[in-house]
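For what it's worth, this note's numbering labels the leading residue of the sequence shown as 1, then goes sequentially.
Among the hints, a few may not be true.
As the list claims (entries may be wrong) - Computed cross-link-like contacts, DSSO-like style, restricted to lysine-lysine with a CA-CA straight-line distance of at most 27 Å:
{"id": "1", "residue 1": "K157", "residue 2": "K168"}
{"id": "2", "residue 1": "K233", "residue 2": "K213"}
{"id": "3", "residue 1": "K157", "residue 2": "K186"}
{"id": "4", "residue 1": "K205", "residue 2": "K186"}
{"id": "5", "residue 1": "K205", "residue 2": "K168"}
Calculated from the structure, these hints are not laboratory results.
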Amino acid sequence: MRGLQSLLLVSVLVFVACVALARPFPNEEAPARESPQRVVSMNVCTDQLAMMLADSDQLLSVSHLAHDPRVSAMVREAENYRVNRGLAEEIYLMEPDLVIAGRYSTQATVSMLKRLGIPVVVFEPANRLADVPNRIRQLGEVLGQESRAADVITAYKRDLATLRAKPKQRPRAALYYANGYTSGDKSLAGEIVDAAGFINIAAEKGYGAGSMKLMPLEVLALSNPSIIITGQKYPGSSRAEDILDHPVVSTLRRGRGAGSVTDRDWICGTPHVLQAVRGLNQTHFRHRGVHP
């Protein structure tokens, strides 16, 4: 019995010694993490950030929405990549070593890919202008493109500071979308409005936090904004968009500034939000003649 115990003790000691030898010494650097080389993006926002940061042969596929000019600001660049529709089977057959997705990407696909052993990184949406550099930095780390991400962040912050309008007058603006929804000031759209030099009436009326708050026509009319920014209309007929043609909205838009949200510049937390700020700023100055 003692002989068996001694044998077991020796075996344990040998195992521990092997594990210890396999570990690096305290002053020995761990091997560098390899960057993914077959990356698939399945979200229109991560598509665009990935196309900005990844090497041309590092990014394998982008979502089909990257090719839709209504929601993607990088349609031309997207032509260089394979298309996916967010289906688990098609992405799995591409043999990716990394999949990047958004919080609201197809959850069934994300879960299935994880169960199949494919690394998936899920990104939260950018709800503020300050979130944009964070998303760029995060994706740069995931792709092993930290230096390139830092350059994009520097350019974004510089250009945003230049674009922030400080007019002598801060005109009042209303964001008004299909079904009568609006966005408060603590949202990506609301901060775009503020950066362009406007006061968002949603904040005045108690819609300060977040986006997609229902604003009745009566509230819009009584607010009497200087400019109304409506959502982008899509082909076909939608009852949700009928409110944008309502006589109240038409009357408010007549004789004053008006703009249309171009979704591709507004919906994703990428440097393209700067184009939304620039366009909104120019819309007001062109219609009202107010100068910073």
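Hint check:
Distance check on the hinted pair: K157 and K168 sit about 23 Å apart at the alpha-carbon level, within 27 Å; holds. Proximity of K233 to K213 is assessed by CA-CA distance (about 19 Å); at most 27 Å being required, the pair is judged to hold. Taking the CA atoms of K157 and K186, the gap is near 19 Å; set against the 27 Å cutoff, the hint holds. Only pairs whose Cα atoms come within 27 Å are accepted, and K205 paired with K186 is accepted, the gap being roughly 14 Å.
The hinted pair formed by K205 and K168 meets the criterion: a straight-line CA distance of about 23 Å does not exceed 27 Å.
Violated hints: none; the structure is consistent with every hint.
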